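Chemist: If you read the protein sequences in the order shown, they are chains F and A. Straight run, no breaks: the first sequence in the working numbering ends on number 250. Straight run, no breaks: the second sequence in the working numbering ends on number 275.
Careful, some of the hints might be misleading.
Covered stretches of chain F (chain A as the covering partner; in silico rule of three or more C-beta atoms under 8 Å from a C-beta of chain A) [stated by the list, open to error]:
{"id": "1", "segment": "8-15"}
{"id": "2", "segment": "23-31"}
{"id": "3", "segment": "43-50"}
{"id": "4", "segment": "73-87"}
{"id": "5", "segment": "112-123"}
{"id": "6", "segment": "164-170"}
{"id": "7", "segment": "233-242"}
Facing chain F, according to a computed beta carbon distance under 10 Å, are these residues of chain A, among others [said to hold, decoys possible]:
{"id": "8", "residue": "Q11"}
{"id": "9", "residue": "E31"}
{"id": "10", "residue": "G37"}
{"id": "11", "residue": "G38"}
{"id": "12", "residue": "A186"}
Rather than coming from a laboratory, the hints here were simulated on the basis of the structure. Please read these numbers as outputs of a predicted model, since none were measured by experiment. We treat Cβ as the ideally placed atom computed from N, Cα and C, and that holds for glycine.
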Amino acid sequence: MPELLDFQDAFVAALAGSPSALSPWLAPGEGAAGLSVYRNTIAKGCVDALAANFPTVLSMVGEDWFRAAAALFAREAPPASAALLDYGEAFPTWLERFPPADDTPYLAGIAHLDRLWTEALFAAEAPVLTAEALAALPPEVLAETNLALHPSVRFASFEAGLPSLWVAAREGREDLELPDQPETLLLVRDKGAVMHRVIGNAETAFLRACGDGLSSAEAAGRAFEADPDVQLAPLFAALIARGAFMETAR
Amino acid sequence: MITAGLGLKSQHYADALGCDAEGLWFEVHPENYMSAGGPRLAALEAVRARRPLSLHGVGLSLAADADPDPDHLAALKRLVDRFEPFVVSEHLAWSTHRGAHQPDLLPFPRTHAALARIAANIGRMQDALGRRVLIENPSLYLPLTGHDLDEVTFLTALVEHTGCGLLVDVNNVFVSASNLGYAAEAYLDALPAEAIGEIHLAGHGADTGGSSLLIDTHGAPVAEPVWALYRRLIRRIGPRPTLIERDDDIPAFAILMAERDRAAAELSALEAVHA
């Protein structure tokens, strides 16, 4: 007899607002205060986790707005796992459909960048391709080699300058503006901290090609297509210095 | 020798590494370290290189009417293998229900059927980890009916059926006894001494919602009546690794260490008496 599951079903129903579901286990009129303790603790756990995982959104909308929105999200999309450091994958797209956010259409994009930051922070460790190891590769071998992205690399492109806005908010600057031009944000974990940089079209095309498994010669071609004036050597050096690629198998 | 420890918070990593208190150990929630990589794991590794560590789970949901989540168990096993904790513990509570996780430690009617289910779940946990675990008494807020067993009898039966040990949270005993109207002293006096492998001390608060309930907030210093119960418990059972838990409104490391040092002093006073 699944009596324990029956109880769990009743308890969850009671949390959701039907306390009578618990009547086989609670005397009439009992338990309202206790249920609200459980309800508040659960909501606080979810909201605190979202606040930790979406700090830029929080800083832009303020504590009250954020906590109210996060509590609504948590009711619709409770965590799927106890590892709350991973909670909120669906929060950016939920914000897109959240009517009170209609006045701030950039909010979902900001949330998306916060999510990528969290993913970069907790991504797997992997040996990084160093400038020395790269220099040891014969040029013809390098040209044919796919430079695999480090597991912590994340990048996202936007029609408007959301990345600059995200960076300004993240750095606590007051003068928040949304530039008109398209931008891409690159995130990569370097020595335990997630570094961010707004990158251009050529660098984006290069990284995307590497991520798609193309050779570095093909990736360079994509970068030139994106921006014929690109200086590939400094672009490449900057990515290597940040540890954007994994050590290649010899 | 392992004496009194402290819940390790991410804002205190550097303080924890720099602290040279004798017998100090740390405890973390493994759920906060269930990532593929990143600086948190690296920081925990650095702390573990200098100090004993305990992994105190909050999310395996042993009192759910379902097998423990195999992914969660596998992630826990990886942490146990990597950090070699001296204690692994979990709660007599549930948090998962039909695929959703409620981040709290939820109650259940202590029936014979629940006992069989939870004993089986603890067995699965111990088999997966290849070691004995400690089970912690919950803080309770609802006067549920339909119990076949009182909590001490239930915990004692789990010890007998699974070979697990107990983690006694004295603050939870105080909070539950106050909320449900029983005597904390009698509860503590009835626990099987030899099964107790760790003790938790934490702070509680009044219900801001206006009821007379006490809430296990982990957001305040340990209250004096809880210290008195702690002294009573260790005088009966002898010294046990004792943890100061603080998870909300977290003060400076030194302030938490002062509470931790008080627990260490209680333990050494005990040894002086027994010597």
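Chemist: Now tell me if each hint is right for this structure.
Modeler: Each hint, compared with the structure:
no. : hint    : verdict
1   : 8-15    : holds (count 5)
2   : 23-31   : holds (count 6)
3   : 43-50   : holds (count 3)
4   : 73-87   : holds (count 9)
5   : 112-123 : holds (count 3)
6   : 164-170 : violated (count 0)
7   : 233-242 : violated (count 0)
8   : Q11     : 12 Å, violated
9   : E31     : 5 Å, holds
10  : G37     : 4 Å, holds
11  : G38     : 4 Å, holds
12  : A186    : 22 Å, violated
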